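S.K.: Kindly produce the complete structure, drawing on both the sequences and the hints.
Chains as they are written, first to last, in the working numbering: chain A, 11 to 458; chain B, 291 to 893.
Just so you know, these hints were derived from the structure itself, not from any lab.
Because the structure is a prediction, the values reported are computed rather than measured.
Nothing false has been slipped in among the hints.
Some residues of chain B that are not near chain A, with every Cβ distance over 10 Å (derived): (1) 342; (2) 365; (3) 367; (4) 581; (5) 608; (6) 621; (7) 636; (8) 658; (9) 730; (10) 733; (11) 820.
Which residues of chain B face chain A? A partial, calculated answer using Cβ under 10 Å: (12) 383; (13) 405; (14) 408; (15) 410; (16) 526; (17) 529; (18) 534; (19) 535; (20) 536; (21) 562; (22) 564; (23) 565; (24) 567.
Ideal Cβ placement from N, Cα and C applies to all residues, glycine included.
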Amino acid sequence: MNTQIEKPMIRRIVRAFGFVLLSQLPILAQANQVNLNINLATPVMEAEQSHRAFIKVSLEGFKQQDKQARIPANVAIVLDKSGSMGGDKIKYAREAAIMAIERLDERDIVSVVSYDSKVQVVVPATQVRNHQAIYNAIRNIHANGNTALFAGVSKGANELRKFLSRNKVNRVILMSDGLANVGPQSASELGELGASLAKEGISVTTIGLGLGYNEDLMTRLAGFSDGNHAFVENAEDLASVFQYEFGDVLSVVAQGVNIEIRCRNGVKPIRLLGRESQIIGNRVTTRLNQLYSQQEKFVILEVEVPEQQAETELELVAVNVSYDNLFTQHQESLSGQSVARFSRSKQEVKAARNDKAFEDAVEQVANEFSRNAIEARDSGDLEGAKKILQDSASYLGSQAESLSSPRLQEQKVEALKDADALETEQDWNKQRKELKARQYKRATQQTY
Amino acid sequence: MKRRTPLILAVIIALPLLLLAWFGVRFQLDQQQVAAHQLSNLVTSRLQSIDQQFQEHFSRLQQHFILRAASLQRETEGHYNVDSVRNFISQSAVVKQVFVLSKSGERRYPPQDQPLNQQEQDFVELTRHLLSEPERFTMPVLDPAPPQRVANQRYSGARNDEIQSARLSSSVSEKAGFSADSSISELSTSVKEHAADRPHGWIAWYAEAGLQQIFWLQDSDGNIVGFALNLSRLLSDLISLLPSSSVAGSGVNAEQENDSEIRLINDRGELAYSWGSQDAGPEAEAGKKPLQTLFLSHPLASWHLDYYTAGLPTLITGWLGLFALLLLLAIGLSTLAYLLYREHSRELRVAEQRVNFVNQVSHELKTPLTNVRLYTEMLEQELPEEEVVAQRYLGVIGSEAARLSRLIENVLSFSRLKREGASIRYQQGVVDKCIEQVVELFTPVLNSRKLKIRFVGKASQLCHFDSEVLEQILNNLLSNCEKYAADGQFVDISSWQKESSDSLYSYIRISDFGPGVPANESERLFEPFYRGSDKLTEGVSGTGIGLGLARDLARAHQGDLIVEQSAPTEDVSGASFLLTLFTPIALTTTKAVSTMMADKPDD
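M.R.: Following this line, the structure appears as structure tokens:
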């Protein structure tokens, strides 16, 4: 009897203990592991009907234990010093670079490259020991000449390579205010370069200054290498942007993040929202160059789900993520899956809806609309572009209501404003840059 | 004379200057050519070294690809399954796309039976012509020049070398920033060795997007594996190989020339990268031609390097140097010439002063001498005949005084001749009479020297001549006879006249039997202040202007005075002077005709 009583007791104790352990595991893991969440916007779907579903795959960088233990940075600052940078602009750029470098210390490597028609290596890759010498070199930069952007980035990347390491945050920070007019100058060529650099673990952050730069080129370059992109209208704001950027650089916790999503059971991938991706058959792959401390990065995958019987469960996708953990200095991998349930009850469907994931999905969809609108506007179809944005706004509006989301409401107002902005001919250049930068930030969940 | 000196001096200055300038310019031009040649050699070698660097880059890529192809083949056991290849592409920074053709020319990758991603679709579209002709991949193309140090090791069979080569290639792949892959080093060396012997090559191939670079090789199963390069990345790597421009205002790249620029031009003729001087802005030389152009080697054959330079500053200093040298020389020579000229003119002035002084003195002597002669004559007439001694003394005084006055007359007319030329006053008279007068005057003097005058006069025609000039000439000739031919006993004087077409010439020959004049001295006798040989003039006083004056006068009289070269027979020695005078019978003009400037002393 005794034993009969004790057996369940022990089992209970063991189970309770196991539960405690299991519940502690994520916390322990969170200390030095990236968090992978796979959320289906509609976990319960109506049966006997095919669906389009959004799957949000999000990754969150763990918290940096303390400031001292951060990852060393290997940064190349590439400054445009073409003639158009003359006057205050170059002055602010210099000061912004100097203020940014102030945050670095001996662990870090910095190099400064400036370019006009030609490229000058102002500060070759060096440990940040003698701050003053670096500042003096930077203060020597004066504006003159053309814009050899490609060569500038090439040389900046080359400086990074001198100390290239998987254990460092390798980043080129490109600041430009003009069109590339020496050497390769198309967005696709720069994008190709960005993609190639990303394979080496180098990301390129592009900061467009003023209204003269090519936002397509700059966002492509940043996008393919998963850097940040910012539009800075006034040179005075460069310093804060540099500060944000260095804040990001110094808070990287993981690099080389490969996300592989395999669709199962006849589920078909339609598109991956926001980021460049490869879709081959039922396999979707994308890549993030880095994860920042306590920042959530996500991708939204839109899939088509075939008809299912009621009260069944179906595995939609299996996700594999691999990344370099900069603290443990190991390659780690995570995996997960997303399972949908099918029901006839509309109420159940509604109740089960994951509002957060759905909100993010809607945001990305609207962002995609916004991109299409720019394309339409570029091809001269003003009315079409306007229509797209208006549709986007009404879509956002209805979703905001059903989700009661103020964020989407805001985005709707934005979309309507953008629709108006499409028409203003003289301001379009600026609007386009702002729009591009905003889209980029939304798509990559950039913090600034 | 006075105008000639500066002329000569100018020539002295100009000649060496011109010569030096000529040679200097020639030298400079040669130098320029040599410098230009050297520069072009230098530039060529510089550009070639860049080309070599590029070749090394391609060679490194080739090695890398050979290794990667082998490891791919090994990993997939010769099947090249899709996931492995995609994985390789996603990791390799330099490769854009890979293709695999089977032995029969069938495409194995990108797969034909599986869905392709966007990039692969684009690539297949782009390369459909290329991939449909697998025979392109049978002819091996010349390898890019490998890095020097690796060259020997790659093809040698020795095992040590192979290991070294493997190490090198892994370091090379790191250097070039290719995706690090540990599997390469695990690869057996024999695979690598064999891979190098199998057909492989680079294809530079035009597609819509420009020149595509493809490296292909045959694996051991006969499959063709091709690697298409990421062009942007290729250019970026090439740019990284090239130097950057120096920072303005700091000497970071001191070894780089300041005023040259090298440009890398791609297959579309666009500027891909340039480096070098800061000053030469691209807008400055829109139409400027490069100093030198070098086309790169395969596979970048349609690319070229242009070398621009601002100018050749070194040669300007060369010209400057030459100019300075010439200037210095000109100044030096001018100073020297000026000093010489000053010295010379001072001497001239002093000489002139001396001549003036002599003239003055002679002039002052003339008046008292005239008085002496006058009173001597008066006394001679007053004195009774029987005072023989006194008469004889008076005779001596008279003849000496006459000689003195002749001397003075000579000096004065010499200086007058020099100063203003001779003026001839033609008067009517008979030449013989004039000669007789002179002979009469000289007879006592010559007698005292035991000389006897034998005069044969045949010039008795009335004509016009200047008797004073004639007298002076004869005086001079005869006093020469007295001085130098005293032991000749006789002085022969003969005169005749010859009429030729409307004019009359009178000839007077004066011959002595003294030592004579050597043939080589006959001209110099007439130079002023020249006095025959030492032997002759020894112990004889004289001014040395007599004969010259006589000839100048004769020439002024449109005649001449020459030394006659008699046949040098031993027994008949002595000098013979022939005087020719133009003695017109009637004067066509009332005034004196000829005033010849006689400022040619050596004529």
